[in-house]
Amino acid sequence: MTRPVTLFTGQWADLPLSELAPLARRMGYDGLELACWGDHFNVQEALASKTYAKDKHALLESHGLKCFAIGNHLVGQAVCDLIDERHQSIVPAHVWGDGDPEGVRQRAAQEMKDTARAAAAFGVKTVTGFTGSSVWHATYAFPPTPQAFWDKGFADFGRRWTPILDTFEAQGVRFALEVHPTEIAFDIASAQRAIEAVKGHRCFGFNFDPSHLGYQGVDYVKFIRTFADRVFNVHMKDVWWGRGDGTVGVFGGHTSFGDPRRNWDFRSLGRGMIDFESVIVALNDIQYAGPLSVEWEDSRMDRVHGATESAAFCKRLDFPAAAGAFDAVFDKDKQARAGG
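Numbering (the numbering used here), first residue to last: 194 to 533.
These aren't lab readings, by the way, just hints derived from the structure by calculation. Note that beta-carbon positions come from the ideal geometry of N, C-alpha and C, so glycine has one too. Just so you know, not all the hints are guaranteed correct.
[What the hints assert, rightly or not] The following label-pair restraints were derived from C-beta to C-beta distances:
no., residue 1, residue 2, range
1, K259, A514, 18 to 24 Å
2, G517, F444, 44 to 50 Å
3, E254, G365, 30 to 36 Å
4, Q409, A241, 40 to 46 Å
5, G365, Q409, 29 to 35 Å
6, K318, K247, 15 to 21 Å
7, H498, M466, 19 to 25 Å
8, K415, A241, 41 to 47 Å
9, A514, T332, 35 to 41 Å
10, F523, D478, 20 to 26 Å
11, A516, K345, 47 to 53 Å
12, A516, P374, 48 to 54 Å
13, R493, G442, 17 to 23 Å
14, G292, K247, 33 to 39 Å
[To be verified] With a straight-line cut-off of 30 Å between C-alpha atoms, the simulated DSBU-like cross-links for lysine-lysine are:
no., residue 1, residue 2
15, K508, K318
16, K306, K259
17, K259, K247
18, K508, K259
19, K392, K306
20, K318, K306
21, K259, K345
22, K508, K415
23, K318, K259
24, K508, K247
25, K318, K243
26, K345, K392
27, K415, K345
28, K306, K345
29, K243, K306
30, K318, K247
31, K318, K415
32, K392, K318
33, K415, K392
34, K243, K259
Required output: the full structure, derived from the provided sequences and hints.
Quick look at the structure:
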């Protein structure tokens, strides 16, 4: 059986779930990865109400949809970040509080622990999200950055996230970091370092999204094979690079997505440069059986058109793994045993 194709709802939070669910079904999806913003999934309501989870499931089921993961990227970002005014617009008011940076980070950590509890109450085993980073601002190494500086950043991540991951473990839920610029892990090397920082915590893994790796020049298929036992969720998103007019490089030139000068930009599935055939082969090789969750982003395209074609793209592309090698039929010993 091929994997379920789901839609990550983060980019659709302007629509109430009661409108998005039937639309998602019409677009061809089997389920939703619910974002913890808009009205799609509310962590505190899930913990406070005895009927919240039941009502959400009933809404999804009425449209033939399932939920395999929830995403709390926005709050997770605030756990390790150097907090500034931008964060106020992405975290709930009770997490922002008075805006004191350390207070925001502490409250964000508590909210992520609550997210693990809410996921368990909802009956899902995976939470996707971000971690933030106290050292991302120094990614370009000038002023000269010694390894001790990076070490402090990873130590800060380990100190803040290990207690969160312990709560995840107690709830039987896993956290899948979307490896992504601005996070503690944004390529293979930093992902390995992040695992070390939490001492190989078994509830820490990755939400694989090739779009954030390809334009950087990172081997995204190698990522799957390197972290075979830690790919907890998969986002399907395309990207192209080497475009634009030569005035903007890989760092983005402080331009907005969709600006024609950009060197790279996200694209609807199948319209970028990611080799999804190799992605599916690698996912089969590591025996990943979870959903293929479309995170649809393309500033040049109507989103309903794009999300519809993306669902069809995934279903056309995906295939079940073989039961054995194709040339096993030539094994005479097996044939003799089969014949009695």
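#### Entry: Violated hints - listed by number, lowest first
3, 12, 21
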